[in-house]
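2 protein chains.
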Amino acid sequence: MTGILQGMRVVEGSAFVAVPLAGMTLAQMGADVIRFDRLQGGLDAGRWPLAPSGRSLFWAGLNKGKRSIAVDMSHPEGRELITRTITAPGKDAGVFLTNLRVRGWMDYETLSCHRKDLVMVTLLGDRQGRPQVDYTVNPALGIPDITGPEDHDGPVANALPAWDLVAGHMCVSSVLAAERHRLRTGAGQEVTLTLKDVAAATLGHLGMIGDAVLNGAVRGKSGNALYGAYGQDFVCADGQRVMVIGLTARQWTGLVQVTGTEAEMDRLARRTGRDLADEGARWELRAQITAILRPWFAARPSKVVADLFDEAKLTWSQFRTVHEAVTQDPDLGPDNPIFTDLAQEQLGRFPVPGHAASFSALERDPPRAAPVLGAHTEEILSDVTGLDDTEIARLFDRGIVRGPDGAKLHSAA
Amino acid sequence: MTGILQGMRVVEGSAFVAVPLAGMTLAQMGADVIRFDRLQGGLDAGRWPLAPSGRSLFWAGLNKGKRSIAVDMSHPEGRELITRTITAPGKDAGVFLTNLRVRGWMDYETLSCHRKDLVMVTLLGDRQGRPQVDYTVNPALGIPDITGPEDHDGPVANALPAWDLVAGHMCVSSVLAAERHRLRTGAGQEVTLTLKDVAAATLGHLGMIGDAVLNGAVRGKSGNALYGAYGQDFVCADGQRVMVIGLTARQWTGLVQVTGTEAEMDRLARRTGRDLADEGARWELRAQITAILRPWFAARPSKVVADLFDEAKLTWSQFRTVHEAVTQDPDLGPDNPIFTDLAQEQLGRFPVPGHAASFSALERDPPRAAPVLGAHTEEILSDVTGLDDTEIARLFDRGIVRGPDGAKLHSAA
Chain G
1 MTGILQGMRV
11 VEGSAFVAVP
21 LAGMTLAQMG
31 ADVIRFDRLQ
41 GGLDAGRWPL
51 APSGRSLFWA
61 GLNKGKRSIA
71 VDMSHPEGRE
81 LITRTITAPG
91 KDAGVFLTNL
101 RVRGWMDYET
111 LSCHRKDLVM
121 VTLLGDRQGR
131 PQVDYTVNPA
141 LGIPDITGPE
151 DHDGPVANAL
161 PAWDLVAGHM
171 CVSSVLAAER
181 HRLRTGAGQE
191 VTLTLKDVAA
201 ATLGHLGMIG
211 DAVLNGAVRG
221 KSGNALYGAY
231 GQDFVCADGQ
241 RVMVIGLTAR
251 QWTGLVQVTG
261 TEAEMDRLAR
271 RTGRDLADEG
281 ARWELRAQIT
291 AILRPWFAAR
301 PSKVVADLFD
311 EAKLTWSQFR
321 TVHEAVTQDP
331 DLGPDNPIFT
341 DLAQEQLGRF
351 PVPGHAASFS
361 ALERDPPRAA
371 PVLGAHTEEI
381 LSDVTGLDDT
391 EIARLFDRGI
401 VRGPDGAKLH
411 SAA
Chain R
1001 MTGILQGMRV
1011 VEGSAFVAVP
1021 LAGMTLAQMG
1031 ADVIRFDRLQ
1041 GGLDAGRWPL
1051 APSGRSLFWA
1061 GLNKGKRSIA
1071 VDMSHPEGRE
1081 LITRTITAPG
1091 KDAGVFLTNL
1101 RVRGWMDYET
1111 LSCHRKDLVM
1121 VTLLGDRQGR
1131 PQVDYTVNPA
1141 LGIPDITGPE
1151 DHDGPVANAL
1161 PAWDLVAGHM
1171 CVSSVLAAER
1181 HRLRTGAGQE
1191 VTLTLKDVAA
1201 ATLGHLGMIG
1211 DAVLNGAVRG
1221 KSGNALYGAY
1231 GQDFVCADGQ
1241 RVMVIGLTAR
1251 QWTGLVQVTG
1261 TEAEMDRLAR
1271 RTGRDLADEG
1281 ARWELRAQIT
1291 AILRPWFAAR
1301 PSKVVADLFD
1311 EAKLTWSQFR
1321 TVHEAVTQDP
1331 DLGPDNPIFT
1341 DLAQEQLGRF
1351 PVPGHAASFS
1361 ALERDPPRAA
1371 PVLGAHTEEI
1381 LSDVTGLDDT
1391 EIARLFDRGI
1401 VRGPDGAKLH
1411 SAA
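Chains G and R, in that order, are what the protein sequence lines are.
All residue numbers for the first sequence refer to the numbering used here, where the first residue is 1 and numbers rise by one.
All residue numbers for the second sequence refer to the numbering used here, where the first residue is 1001 and numbers rise by one.
Since the hints were derived computationally from the structure, they do not count as laboratory data.
Predicted model, so just to flag it, every value in this text is computed and none were measured.
Beta carbons: idealized from backbone N, C-alpha and C, even for Gly.
One should not assume that every hint holds.
Said to hold, decoys possible - Which stretches of chain G does chain R cover? Using the computed rule of at least three CB atoms under 8 Å from a CB of chain R, they are:
1) 50 to 61
2) 75 to 84
Said to hold, decoys possible - Here are the simulated lysine-lysine pairs, DSS-like style, with alpha carbons at most 27 Å apart:
3) R:Lys1091 / G:Lys91
4) R:Lys1116 / R:Lys1091
5) G:Lys303 / G:Lys313
6) R:Lys1091 / G:Lys221
7) G:Lys91 / G:Lys116
Whole structure, please, built from the sequences with the hints as guidance.
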């Protein structure tokens, strides 16, 4: 294992998207990330999509490159093992990342008694301590209300757990910032954030809170248009749909030139008394602009459009299904250095992504598969928790921990 | 200025969402972030939404707490000033964050001649070097194809620039990881990532690439349903819409109990031969489950639903418009410690978010407003670039730099 964070050890108690993504991202940057789970696996063990074998592709994707330890935490000895794993010595260890709110043995107050310089990052649902998921935070903040076709009556939810993704990556930077502080001062700390606060703050960062307060604006749906400037989807002669962008002056001028619509755009500007060099005017006149451009796309197959747009260095793309993207776009396969074709047990072979960033100081680490539940129980109890072989054997025998085969599963689990 | 990253200095050359968000996030964690721009401002200076004054709320949101220097980079002396600012001495300086691809004077090879241990993080569009924006990456990967009402024919784009947000936060952790490496080894480096790779890798992390390859699945639209388990929106008797979640066993059991639909769910399970304790069965039977639950919601005003669901500690939320969220939800205002009511020049007063995470080792830093273009030109040239008063005065006189009033604007700008 190499990577920019080599030597750092992070213990993760988690489920679902955000915190598993955070731990996985740290693992793909070279940290030793230990995920602990109950003997029967976490709440996310069976999350869809599934492989033909029934194993979760979701879990396999979000837990790549971690070590797995499976412990019966309903047993006091199991709780002690996790405490010792989290607070084990090591200058670059003592980092705990979690979205499980467990009062008592697993809170910062208790854990930091065992290791004063513990860095603990906790992601919660909301500041009232209620559970929240991406699917609840998003409607509460109004994004589905501004999503979807203009003529659709009703909210349209995200298909992508965007807030989970953002929160997960904020957990990564929170770990790194707090660990940096510890490197410099020796002091650990607790970092807390909530999924809802992450989303609410982001709304503010994008100017949407100011817009609502100052303009009293109820921003409506705008279909597939680029908000605030010009960008629209068009169907080409062969039925393929493309997205074209006229956000910057360069993009807009290029779009008008390539489509040969200068005269019509000039007429539109004169008729409306607006300057189309102003991005706000393009936004407000988007329906008229689209009406001018539409015939040009409808008359040309997408291949011709693609070549002309690439030649003019315009910003555009085609619409695909996920299946088309995966099977047709070399950026989503081993032609792209961030992907490796990986055969995984109980799953099969498909392109697996490593970390999206390339760090020039180090060779790129190829992605490592997710562990089977309990795959590293024995080695973690030995290397990290510091138990001897006799102690480890007794824990397996008594069913307080389990290995990858599950043969030693606690009967009460 | 305090904050977990106090003392770190980052120079940012950027526009739009991802990299400005990254710099702003570092600034909200206490770093001294200097954004440089052309004399007339960046490409994003007028991005919507706008305040009634015409000033960009978007820009004000994504550049909070930074210092601004405005320089004529078409002039060799201007380029030299930026080079000196980026590579200025200081153990915790020499970090450069950008999404501008400028070959020659502003690339890593050239800049690192002036400061060997430079850390430079560059976000590009795609690995072929083409420009990409959130609005082009998203359709290319298929997300709009799986978004929207089941009966809608055609792709539905995100209203939220999700990939920009994710990429921005990955820039933050890339800066911190590379700077950590420099703290330990003394070595700088170049970190490169692309918006499209960030999105493509994330698709893989979520299991969607494996799903497409192994199952050959063309995942369709599923409206506002929670994918892979149970979660659905319902309209209450007062017309209010709520989202309810039955993802975990606890949530599902609770939902069935609160709505008193045990008998009907049992009948559904018997009729179909499926076990509703299996999240996949709930997903596949979601239409029937929703039909059973719908009358219960239709018969109760949302307030009653809310009280019952809160009492049972279920995971749910209401749908709002952004305007309703901002004006009705105390989580989006100064009742929430991450927000501060801030009066900003040329904008007005509204709740402004600080960093979403709380670091226990430090007091929370209240958010600081975004700078006016060139507000810190003079002090940066003095404190960072190390020029004396005479040299600075000559640069202003010759119009190579400008201050906040714009009075010294270069005539050629």
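Agreement of lysine 303 of chain G and lysine 313 of chain G with the hint, judged by alpha carbon distance not exceeding 27 Å: Roughly 15 Å between the alpha carbons, so the hint for lysine 303 of chain G and lysine 313 of chain G holds.
message: Check whether the Cα positions of lysine 1091 of chain R and lysine 221 of chain G lie no farther apart than 27 Å.
response: Violated, because 48 Å separates the two Cα atoms, which is more than 27 Å.
query: Has the given pair, lysine 91 of chain G with lysine 116 of chain G, been kept, meaning a C-alpha gap of at most 27 Å?
result: holds, 12 Å
- prompt: Counting residues of the region 75 to 84 of chain G whose CB is closer than 8 Å to a CB in chain R, do you get three or more?
  reply: violated (count 0)
task: For the pair we were handed, lysine 1116 of chain R and lysine 1091 of chain R, check the Cα-Cα distance against 27 Å.
output: Holds: lysine 1116 of chain R and lysine 1091 of chain R sit about 12 Å apart, inside 27 Å.
- prompt: Would you say the region 50 to 61 of chain G counts as covered by chain R, given the rule of at least 3 residues with C-beta under 8 Å?
  reply: Satisfied; 9 residues make the cut.
- prompt: Are the Cα atoms of lysine 1091 of chain R and lysine 91 of chain G separated by 27 Å or less?
  reply: Satisfied, since the Cα-Cα distance of roughly 22 Å is no more than 27 Å.
Hint check: violations occur at hints 2 and 6; the rest are consistent with the structure.
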